[in-house]
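Please take these sequences and the hints and turn them into a complete structure.
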Amino acid sequence: MVMQTPTQDIADLISRCALRDRAAFRSLYERTSAKLFGVTLRILKDRSEAEEAIQEVYVKIWQRADRYVAGGYSPISWLVAVARNHALDILRARRPVADDIDVALEIPDAGPDPERAAENSDERSRIDFCLGQLDGDKAEAVKGAYLDGYSYEELAEKYSVPLNTMRTWLRRSLLKLRECLTA
Amino acid sequence: MTPSDDSGEPNGGQALVAEFVLGLLDSAEHARVGRLIENDQKLRAERDFWQARFGALNSGYEDVPVPAHLINTIEARVFGTPAKTRVNIWDNLLVWRGLAAGALAVAVVAVGINVLTPKPDTAALATQLVAALSEDGSNVKFVALYDSSTGKVRLTSLSGEAVPEHDFELWAIQGGNNPVSMGVVPVNARSEVVVSPDILKGWGEGSVLAITLEAKGGSADGNPHGPIVAKGPVTQI
Chain A
1 MVMQTPTQDI
11 ADLISRCALR
21 DRAAFRSLYE
31 RTSAKLFGVT
41 LRILKDRSEA
51 EEAIQEVYVK
61 IWQRADRYVA
71 GGYSPISWLV
81 AVARNHALDI
91 LRARRPVADD
101 IDVALEIPDA
111 GPDPERAAEN
121 SDERSRIDFC
131 LGQLDGDKAE
141 AVKGAYLDGY
151 SYEELAEKYS
161 VPLNTMRTWL
171 RRSLLKLREC
181 LTA
Chain B
1 MTPSDDSGEP
11 NGGQALVAEF
21 VLGLLDSAEH
31 ARVGRLIEND
41 QKLRAERDFW
51 QARFGALNSG
61 YEDVPVPAHL
71 INTIEARVFG
81 TPAKTRVNIW
91 DNLLVWRGLA
101 AGALAVAVVA
111 VGINVLTPKP
121 DTAALATQLV
131 AALSEDGSNV
141 KFVALYDSST
151 GKVRLTSLSG
161 EAVPEHDFEL
171 WAIQGGNNPV
181 SMGVVPVNAR
191 SEVVVSPDIL
201 KGWGEGSVLA
211 ITLEAKGGSA
221 DGNPHGPIVA
231 KGPVTQI
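Line by line, the protein sequences are chains A and B.
Per the numbering used here, the very first residue in the first sequence carries number 1; after that it's consecutive.
Per the numbering used here, the very first residue in the second sequence carries number 1; after that it's consecutive.
By construction, these hints were calculated from the structure, which means they are not laboratory data.
All values reported here derive from a predicted model rather than from experimental measurement.
One or more hints might be untrue.
Stated by the list, open to error - Have a look at the derived ranges for each label pair, beta carbon to beta carbon:
1. B:GLY60 / A:ARG94: 15 to 25 Å
2. A:LYS158 / B:GLU192: 44 to 54 Å
3. A:GLY136 / B:GLY34: 54 to 64 Å
4. B:SER159 / A:GLY136: 27 to 37 Å
5. A:ASP66 / B:GLY204: 42 to 52 Å
All C-beta atoms in this analysis are idealised placements derived from N, C-alpha and C, irrespective of residue type, glycine included.
Quick look at the structure:
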């Protein structure tokens with residue numbers, strides 16, 4: 001007999017939410033809400049806003065649980081992405097819209113390996129290694145954009161560089177990061 | 001097309017998906033890029049790539065307990081006003097089919113992490129069996145799903161508490177034969193049990209799975225001694 005891992009437990013709870021199992025929703029909430037509240041609080045930096053956001057996040061999780069099964073993320077990454085994206089949506093709605101011309105999307109030639117979509121300790125050391133290949137400030141800026149949801153404006157101010165310089169920095173860093181991550 | 005080292009502005013388009021995932025685009029651009037990604041398989045793969053790689057940074061988020069009163073507000077919003085007639089999940093065949101498909105999909109996702117994912121075999125669904133295990137007067141409930149492609153029963157404990165100095169033991173009852181032990185099973189966890197060749201001979205619709213409360217470590221002589229806390233017939237789905 002093999003015990004299931006916590007990851008499979010979370011995946012199972014999400015699947016049961018898709019089947020409208022209320023008890024499963026409560027268990028999922030009990031096991032994951034502290035993590036997701038940590039996400040909304042860190043990005044929104046305001047307790048009452050983060051409390052409002054966490055409610056919306058769990059409403060979304062309940063409504064979208066069926067989409068998880070079809071996805072390739074690890075279950076906790078999927079939940080964090082729901083929370084993070086919701087918090088970023090709130091911030092984005094307040095930020096000014098730049099007057100950019102539409103840039104065409106291109107993907108660098110070396111495509112990502114879809115079989116390596118999961119997050120695990122190897123991935124953590126991999127991204128740490130690749131971030132380590134960037135200049136210190138640039139690695140911090142990328143991390144700040146991900147974990148804190150900083151905008152280009154906030155990053156430019158934080159590192160005391162002009163806005164356009166920050167954009168160039170970061171885009172170049174992302175391409176280097178991608179090269180390293182797909183190597 | 002490798003990015004040139006330090007000469008000039010990199011082409012913004014190449015980093016656009018990463019910027020989208022990071023949340024660096026303004027609302028109009030975010031919506032535009034989001035639509036492009038949804039409609040293009042390669043861009044979706046690129047988005048998932050970044051999502052998964054950056055996801056490795058998630059341990060940087062610290063747990064912060066949510067104020068206790070929020071769960072009530074959330075459940076009220078999610079479920080609406082408390083349902084008057086609760087759907088009986090045990091009787092709903094669609095739910096079982098969904099559960100089986102969900103379980104299969106989760107298993108496929110797990111496999112996909114390391115090896116090339118085999119296409120889910122739709123025929124495998126046809127040979128799945130399910131049993132809902134419960135008993136009046138007991139709060140111990142399990143769901144058992146048997147998948148003929150693995151030869152295993154996956155057990156999910158839905159409710160019930162561990163009893164000190166005791167273990168729950170799973171039994172297969174087939175025809176008029178004595179129960180055959182399938183081993184000790186955990187509560188508040190999921191587990192997998194291989195169906196032994198002995199049991200497999202008579203396995204199928206009509207078999208009954210039962211759980212008894214036995215002494216620590218399970219019955220010593222291969223026969224159940226404790227009370228049945230949950231049981232249920234095996235049904236094809």
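To see whether the hints hold, each was checked on the structure:
no. : hint                            : verdict
1   : B:GLY60 / A:ARG94: 15 to 25 Å   : 24 Å, holds
2   : A:LYS158 / B:GLU192: 44 to 54 Å : 50 Å, holds
3   : A:GLY136 / B:GLY34: 54 to 64 Å  : 32 Å, violated
4   : B:SER159 / A:GLY136: 27 to 37 Å : 52 Å, violated
5   : A:ASP66 / B:GLY204: 42 to 52 Å  : 30 Å, violated
Consistency note: the structure conflicts with the earlier hints numbered 3, 4 and 5.
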